[in-house]
Amino acid sequence: MLINPGLLNNFSTLDNDGTIVSNAFSFVINKPGAVLNNNNSMSNDTNALYNNSSAIVNNNGTLNNSSTTVYNENGATWNNNGAMNNTNSTTLYNNSGATFNNNGTLTNTFSSLENSGMLVITARMPS
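Numbering (my numbering), first residue to last: 1487 to 1613.
Note that these hints are calculated values from the structure, not bench results. Treat each hint with caution, since some may be false.
Stated by the list, open to error - Now the in silico label distances, taken between C-beta atoms and shown as ranges:
{"hint": "1", "residue 1": "T1593", "residue 2": "N1526", "range": "16 to 22 Å"}
{"hint": "2", "residue 1": "F1596", "residue 2": "P1518", "range": "31 to 37 Å"}
{"hint": "3", "residue 1": "S1540", "residue 2": "N1574", "range": "27 to 33 Å"}
{"hint": "4", "residue 1": "A1534", "residue 2": "F1596", "range": "15 to 21 Å"}
For every residue, glycine included, the Cβ atom is placed at its ideal position computed from N, Cα and C.
Hey, can you work out the whole structure from these sequences and the hints?
Written as structure tokens, this is what we have:
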């Protein structure tokens, strides 16, 4: 288990096969050229998660965001192949030039999705 006070992934690949917990006021920044593979469990609470430029996030496990701002922007790609749960006023921004591919389950509870990029949904989004 990694308790994260701040994670900067730059031109690297981070494979999470265990558990990452990002506590309040921490951050996760996936910089250009970086790849973040979540294959098990990742939780973000009251922080920010950035996927920027040519970076890629592959969520193949469970990603829980609570009171978190998630940015997919500037040519970044986000592949949700597992379960992504946004709760407690989480905002997911899929900005211009970014692509969000939802092949899994995307749940927004008291949360919002703002899309100005490309949103591809190939699986059901529960209401």
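How the hints compare with the structure:
T1593 and N1526 have their C-beta atoms about 18 Å apart, which keeps the hinted 16 to 22 Å range intact. A hinted range of 31 to 37 Å for the beta carbons of F1596 and P1518 is consistent with their spacing of about 32 Å. Taking 27 to 33 Å as the suggested C-beta distance range, the pair S1540 and N1574 conforms, at roughly 30 Å. As the Cβ distance of A1534 to F1596 is approximately 18 Å, the hint placing it in 15 to 21 Å holds.
In this structure, every one of the numbered hints holds.
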